[in-house]
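*Asks:* From first to last, the protein sequence lines stand for chains P and U.
Position 437, counted from 1, in the first sequence is what this note's numbering calls 437; the numbers after and before it change by one each time, with no gaps.
Each number in this note's numbering comes from the position in the second sequence (counting from 1) with 446 added on.
For the record, the hints were derived by calculation from the structure and aren't laboratory data.
The beta carbon of each residue, even a glycine, is placed where N, CA and C say it ideally should be.
A portion of the hints provided could be inaccurate.
Said to hold, decoys possible - Below, computed lysine-lysine pairings styled on BS3-like, alpha-carbon distance capped at 25 Å: (1) U:Lys-630 <-> P:Lys-32; (2) U:Lys-630 <-> U:Lys-650; (3) U:Lys-630 <-> P:Lys-68; (4) U:Lys-757 <-> P:Lys-43; (5) P:Lys-43 <-> U:Lys-630; (6) U:Lys-757 <-> U:Lys-630; (7) U:Lys-628 <-> P:Lys-68; (8) P:Lys-68 <-> U:Lys-757.
To be verified - Looking from chain P toward chain U, a few residues come up when the C-beta cut is under 10 Å (computed): (9) Asp-13; (10) Gly-145; (11) Ser-158; (12) Arg-228; (13) Glu-269; (14) Arg-272; (15) Arg-273; (16) Val-294; (17) Ala-315; (18) Gly-319; (19) Arg-322.
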Amino acid sequence: MAVEIIFPRVDMDMASGRFSRWLVEEGGAVGKGDPLFEIETDKAAMEIDAPASGILRGIRVAEGEEVKVGEAVGWIVAEGEAWQERVAPAPIAEAPIAAAEMPAAAPAPVAPVAPSAPAAAPAAAMLRATPLARREARRLNIDLGQVSGSGPRGRIVSEDLRAVASVPAPPRIEPSMEPSVEPSIEAPPKRPAGARLHRQWSGAGDGVPLVFLHGFGADGTGWRPVWRGLDSTHRLLAIDLPGHGRSKPQAPICFDGLVDAVQSVLDEEGVRRCVLVGHSLGGAVALGLADAGVVDIRALCLLAPAGLGPEIDGAFLSGLVRATRAESLAPWLLRLVADPALVTPGFVRATLQASDAESADYRRRLIDSVFPDGTQAISLRHVLPQLAMPARIVWGTRDAIIPASHAAHLPGRIGLHRLDVGHMPHLEAPRLVAGLIAEAARSAVP
Amino acid sequence: MDRPVRELSYAQALQEAMAQAMEADERVFLMGEDIGVYGGAFQVTGDLVERFGEARVIDTPIAELGAAGVAVGAALCGQRPVFEFQFSDFATLAMEQIVNQAAKMRYMLGGAVSVPLVMRFPAGSGTGAAAQHSQSLEAWFAHVPGLKVVQPSTPHDAKGLLLSAIDDPDPVMIFEHKLLYKMKGPVPEEAYRVPIGKADIRRKGRDLTIVATAIMVHRALDAAAILAEEGIDVEVIDLRCLRPLDRDTLVESVSRTTRLLCVYEGVRTLGIGAEISAMIAESEAFDRLDAPIGRLGGAECPLPYNPEMEKAAVPQIPDIVAMARRLVRGTV
Numbered sequence: 001m002a003v004e005i006i007f008p009r010v011d012m013d014m015a016s017g018r019f020s021r022w023l024v025e026e027g028g029a030v031g032k033g034d035p036l037f038e039i040e041t042d043k044a045a046m047e048i049d050a051p052a053s054g055i056l057r058g059i060r061v062a063e064g065e066e067v068k069v070g071e072a073v074g075w076i077v078a079e080g081e082a083w084q085e086r087v088a089p090a091p092i093a094e095a096p097i098a099a100a101e102m103p104a105a106a107p108a109p110v111a112p113v114a115p116s117a118p119a120a121a122p123a124a125a126m127l128r129a130t131p132l133a134r135r136e137a138r139r140l141n142i143d144l145g146q147v148s149g150s151g152p153r154g155r156i157v158s159e160d161l162r163a164v165a166s167v168p169a170p171p172r173i174e175p176s177m178e179p180s181v182e183p184s185i186e187a188p189p190k191r192p193a194g195a196r197l198h199r200q201w202s203g204a205g206d207g208v209p210l211v212f213l214h215g216f217g218a219d220g221t222g223w224r225p226v227w228r229g230l231d232s233t234h235r236l237l238a239i240d241l242p243g244h245g246r247s248k249p250q251a252p253i254c255f256d257g258l259v260d261a262v263q264s265v266l267d268e269e270g271v272r273r274c275v276l277v278g279h280s281l282g283g284a285v286a287l288g289l290a291d292a293g294v295v296d297i298r299a300l301c302l303l304a305p306a307g308l309g310p311e312i313d314g315a316f317l318s319g320l321v322r323a324t325r326a327e328s329l330a331p332w333l334l335r336l337v338a339d340p341a342l343v344t345p346g347f348v349r350a351t352l353q354a355s356d357a358e359s360a361d362y363r364r365r366l367i368d369s370v371f372p373d374g375t376q377a378i379s380l381r382h383v384l385p386q387l388a389m390p391a392r393i394v395w396g397t398r399d400a401i402i403p404a405s406h407a408a409h410l411p412g413r414i415g416l417h418r419l420d421v422g423h424m425p426h427l428e429a430p431r432l433v434a435g436l437i438a439e440a441a442r443s444a445v446p
Numbered sequence: 447m448d449r450p451v452r453e454l455s456y457a458q459a460l461q462e463a464m465a466q467a468m469e470a471d472e473r474v475f476l477m478g479e480d481i482g483v484y485g486g487a488f489q490v491t492g493d494l495v496e497r498f499g500e501a502r503v504i505d506t507p508i509a510e511l512g513a514a515g516v517a518v519g520a521a522l523c524g525q526r527p528v529f530e531f532q533f534s535d536f537a538t539l540a541m542e543q544i545v546n547q548a549a550k551m552r553y554m555l556g557g558a559v560s561v562p563l564v565m566r567f568p569a570g571s572g573t574g575a576a577a578q579h580s581q582s583l584e585a586w587f588a589h590v591p592g593l594k595v596v597q598p599s600t601p602h603d604a605k606g607l608l609l610s611a612i613d614d615p616d617p618v619m620i621f622e623h624k625l626l627y628k629m630k631g632p633v634p635e636e637a638y639r640v641p642i643g644k645a646d647i648r649r650k651g652r653d654l655t656i657v658a659t660a661i662m663v664h665r666a667l668d669a670a671a672i673l674a675e676e677g678i679d680v681e682v683i684d685l686r687c688l689r690p691l692d693r694d695t696l697v698e699s700v701s702r703t704t705r706l707l708c709v710y711e712g713v714r715t716l717g718i719g720a721e722i723s724a725m726i727a728e729s730e731a732f733d734r735l736d737a738p739i740g741r742l743g744g745a746e747c748p749l750p751y752n753p754e755m756e757k758a759a760v761p762q763i764p765d766i767v768a769m770a771r772r773l774v775r776g777t778v
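Bound-form chain P, shown alone (with noise of 0.2 Å):
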């Protein structure tokens, strides 16, 4: 086995030397302990002598060279052992410290295991997965049974499932919108899932930044009336989600790849803690985030929030996809709303025109993958009993899409504020729910 020649410190405060003259020519034989190269320190010049005994090969300083301490400068192999000029890197890293590692770094090294290719089909019980192939799979809905695992001992890898992803979709898969886009699977470092979603900054002020996350149909714009009530000691950061507002449509179109999203343009936009605030869908998505634990959120403000329970108005949701006209659109948009005099003619054009037929289309898979049957298909109860931060939700009592009885038997750290209107209470009452934020804004640990 090829032995390396390293550059040896021959003095107790040596960083590196000044390599002087090879004394065997590359090719050459040497025998152990015969003097091999000079070098030359601060101090003295010596002659440092041969590791092993055989060929020199792989001479890597010339002559004069100044070379670090610990640094290789050439191989010695066996007489007759093949060598490759490019290989040689890779005995710096594998075949001496194999050797060298052990003893040192492991006193009971594990026997080193055979990477055997994985058995058949492993049963669920024996199933070897990372944490990430594992969410990758629960979000995908991948029976990760049915997955080969590249791995050792057939450990299945998040990469291992972009195979599966692009055979067949999984049910809650839709295929990808546009050709360019990735399998719908996220390739968690290079993943710029965020980086087509439209944002947008307001105001100024040191405090943590407000986040608004708009609900279903609807995109960053509605906040206005909110913000224009909130001063300014903290930025505030609207997101248009997939396919709403100036965003574009982006696979997968699933609950995870919204939470996936914004999670992105958080990190982005260098966001690492905000106070967070979601309306409806993006009550949701804003739960997903808390549920996701990576943006550290430091209070929550939640306005008639999806995910709370099973029903949603879905002749609403469909009638909402499906107008194509201001005669068809208004009705619906009507029920969003206790007081019919908001939804103004230019409410209903201005909603209107901010759709093209690829987002519509987006947001009725959208639907289908969300609240398929008028039912909300997503859960996150179970996230309000383990919410660290201040958290709160507002509700109209009037909601006539998603009905306020989902904020009953909320965990007592959660405030509850009932309000005397319909689904939209940023809309309808904006100083008072201006206010609400404000209030959860100086809640939040700085």
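Assemble the complex: chain P is given as a structure, and chain U must be docked to it using the hints.
*Replies:* Just chain U, lined up with the frame of chain P:
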């Protein structure tokens, strides 16, 4: 502002921090064995005795327990002692004063007093100084609430962290790796501070987070350069501070890279890596792990005198390269 920052060695940077602190605050004084005329075993105090006199650069007898007691007492009385151990290993002799007195006073007296003490510990192996002069004991001290423990890896951080330590109202232990003393790097002239408790991302990467301390930061960076040629993109975090630990930076990084390797020189078992691994496993980053967590630490033996064995007993660049490959390529 645009002119290049001049370079100082790690030892010179520490010396400059002490000199600036002594100029700015007459309560600051230095204590230690041979730190006066001799200039310190590693020439960190240098000629400070000539600048500040023997009343502020005090040579102590070879009696660590008594001298540490004097330092703790002086701090309790409002002075700002900076105490040098000749080798960190000799802190064993002074443990009573550090662990039972300095760390406890503020708590036991209900916050009525504080102990603004700094202790400097030349630590680590690689100098052929054998078992009693080469240990990395920083994790011991990090296990004691009431102490802060910092471990600068560059001249810049050595100066900035030492100045922060001197400002700090509570005892701060600063571990200085002996192989770093002669390392040079940019050090601004003004008396700047590096905050205690903040890790530093020294290299951004996508495939693996290496969390390293002291000399291991440099080995990890060298390993990262080798791995980059193979297409493995490593993030290197210089922990800089063991207590308090910068949880946020570590969790955020591992959440991104999905893999973690801890590299430290102290004995591997029950060391820094054990704490970081457990912290990550308990955190929201757990769900993002796509490989087992790796640890490289010192061997389970007293450090050998034989230079080859000494080298083999602590992680070296090829060890880091090999372990990183195994974690990223999924063979471990």
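*Asks:* If a hint holds in the structure, say so; if it does not, say that too.
*Replies:* Evaluation of the provided hints:
The hinted pair formed by Lys-630 (chain U) and Lys-32 (chain P) fails the criterion: a straight-line CA distance of about 37 Å is larger than 25 Å. A C-alpha spacing of about 23 Å is found between Lys-630 (chain U) and Lys-650 (chain U), which places the hinted pair at or below 25 Å, so the restraint holds. Distance hint between Lys-630 (chain U) and Lys-68 (chain P) is fulfilled; the C-alpha atoms sit about 15 Å from each other, no more than 25 Å. A C-alpha spacing of about 23 Å is found between Lys-757 (chain U) and Lys-43 (chain P), which places the hinted pair at or below 25 Å, so the restraint holds.
Between Lys-43 (chain P) and Lys-630 (chain U) the CA atoms are separated by roughly 20 Å; this keeps the pair inside 25 Å, and the hint holds. With a CA separation close to 23 Å, the supplied pair Lys-757 (chain U) and Lys-630 (chain U) stays within the 25 Å bound. As the CA atoms of Lys-628 (chain U) and Lys-68 (chain P) are separated by approximately 14 Å, the hinted pair is consistent with the 25 Å bound. Our distance criterion of 25 Å between C-alpha atoms is met by Lys-68 (chain P) and Lys-757 (chain U), whose separation comes to about 15 Å.
The criterion of a C-beta within 10 Å of any C-beta in chain U is met by Asp-13 (chain P), whose closest approach is roughly 5 Å, and the hint holds. With a least beta-carbon distance of about 19 Å to chain U, the hint placing Gly-145 (chain P) at the interface is violated under the 10 Å criterion. With 10 Å as the threshold, the beta carbon of Ser-158 (chain P) comes within range of chain U, its nearest partner Cβ sitting at about 5 Å, so the hint holds. For Arg-228 (chain P), the interface hint is violated, since its Cβ never comes within 10 Å of a Cβ in chain U; the closest pair sits about 33 Å apart.
The closest approach between the C-beta of Glu-269 (chain P) and any C-beta of chain U is roughly 14 Å, which is over the 10 Å cut-off, so the hint fails. Taking 10 Å as the C-beta contact cut-off toward chain U, the hint placing Arg-272 (chain P) at the interface holds, the least distance being around 7 Å. The restraint placing Arg-273 (chain P) at the interface with chain U holds, with a minimum CB-CB distance near 9 Å, inside the 10 Å limit. Because the beta carbon of Val-294 (chain P) sits about 5 Å from the nearest beta carbon in chain U, less than 10 Å, this interface hint is met.
At a threshold of 10 Å, the smallest CB-CB gap from Ala-315 (chain P) to chain U is about 37 Å, leaving the interface hint violated. Annotation: interface hint on Gly-319 (chain P) violated; nearest CB of chain U at approximately 38 Å, more than 10 Å. Proximity of Arg-322 (chain P) to chain U is violated relative to the hint, the smallest CB-CB distance being about 38 Å (cut-off 10 Å).
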